[in-house]
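Undergrad: Sequence:
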Amino acid sequence: MSAIRPILPQDPALESVALIEVRHPCQDVELFSFWLRRCPLADGSMSANACIPLTVILDACAILTGDYTYTAAICNDRDGEGPVLPGLVNAGTYYLIPDVANPRADYAVYKTFDHWIPPLRSQLPDRWFTAKCPKDTTLYIGDAELGSEYKVARSQISAAVKAVDKVCMMTLAAIPLASAHIVPVSCALWFQKRRIPRQLYIPHVLPHHLTPEFYVHDYRNHITLREDIRSLWDAYEWICVPVGDTFIAYVITDIRASLGFHCYSPRLPDRTDGYLLFLRFALAVFHQFAGSDDLATHKDHDPIAIKPSGANRRGRASGVSVKPTLPDTTEAQDDVNTAVDEDGGSGVSHSIGSSVDGLPECDIDDRGVARLIIEGFERRTRTPRRYGGLLHRQVPGLVREPRRDEVALV
0 MSAIRPILPQ DPALESVALI EVRHPCQDVE LFSFWLRRCP LADGSMSANA CIPLTVILDA
60 CAILTGDYTY TAAICNDRDG EGPVLPGLVN AGTYYLIPDV ANPRADYAVY KTFDHWIPPL
120 RSQLPDRWFT AKCPKDTTLY IGDAELGSEY KVARSQISAA VKAVDKVCMM TLAAIPLASA
180 HIVPVSCALW FQKRRIPRQL YIPHVLPHHL TPEFYVHDYR NHITLREDIR SLWDAYEWIC
240 VPVGDTFIAY VITDIRASLG FHCYSPRLPD RTDGYLLFLR FALAVFHQFA GSDDLATHKD
300 HDPIAIKPSG ANRRGRASGV SVKPTLPDTT EAQDDVNTAV DEDGGSGVSH SIGSSVDGLP
360 ECDIDDRGVA RLIIEGFERR TRTPRRYGGL LHRQVPGLVR EPRRDEVALV
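For what it's worth, numbering that gives the first Met the number 0 labels the leading residue of the sequence shown as 0, then goes sequentially.
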């Protein structure tokens, strides 16, 4: 399944991109489009054409239609002829046919992320889950060891996660690092109203003291990236999607700077829940949504106001159709968007007894408490992690060059 080489081939053709466009058969209007690139194959070669796993396109279609039965077909024409077979799909124009018996049905779609009703965890395909965060949820035992009774300043969670992760999950570089949310802070109200923590492997917010309006700061919703890659993440330039038994980073825009990590397998933290990555993928899909007024709006749409964060390339102003403004600082607005706790996150000490991870009683500040919480979760689930055929070992403080391992798509 894996194709691992010391360096990406310096082939100018790798810089070329081609568009895949998925359209509505009745209205014959665009639903969404992605820029595709060539990808590594199992025999060590690169694909002859720009392509993407069909499962990624089917997941995007399920998000727009709200149909997670996966009975829809991606076809070459409006009449349902030439359905795309499983595997890799090349760039080109295709039609989403939910019912091959009625190919030109005028089906409705969700048009923005804030209107979208996400699926239940049980409705997602198994490929979105990992051994550490499987599909079946669990009631977590040992809440005290997660520090649920201790006050941790919200403003310290991002910094604590970054301190625990130590390296960028894409490149393993130790500096310069930035913390990123999977579901962004601008969607905090959506995250709260949709009760997202209930759909996670451990179905409650962590740390426990977070009030509903701050659920988006659940530490499982944080990842650590190199600063430049984090900026591309904020701009929805790349997605993290499952392929086989791992996740890969797939660049869906024509930006050249992203070529260096296209099809890399990230070293996901044990805490990372595939359900959150699916929500992030949905954000990217709606960011690419064409938004034609000719399309019928899904009957179950439920608008929730989301704070605008910039100008969208398609000119739409609702939901996540709004393209974010990239941050000016390395923390990417964490301090701006995160309300300061009552103690201001200023290092107020908390007394930690010996019941927490066997530590002797001592005084530590907010960031120290946050690290105890996160590391306690990581220790519970930690085993050697194998992604893309490599067993990654973390060397604290070591500055690494970007990895040159790729994940074959077939």
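In short, the hints are calculated from the structure, not lab data. The C-beta atom is built at its ideal place from N, Cα and C for all residues, glycine as well. Don't take each hint at face value.
What the hints assert, rightly or not - For each label pair, taking beta carbons as the anchor points, the in silico distance ranges come out as:
#: 1; residue 1: N75; residue 2: K298; range: 26 to 34 Å
#: 2; residue 1: D27; residue 2: I116; range: 43 to 51 Å
#: 3; residue 1: K165; residue 2: A107; range: 44 to 52 Å
#: 4; residue 1: A100; residue 2: R197; range: 34 to 42 Å
Undergrad: State the violated hints by number, sorted upward, taking the hints as numbered earlier in the document.
TA: 2
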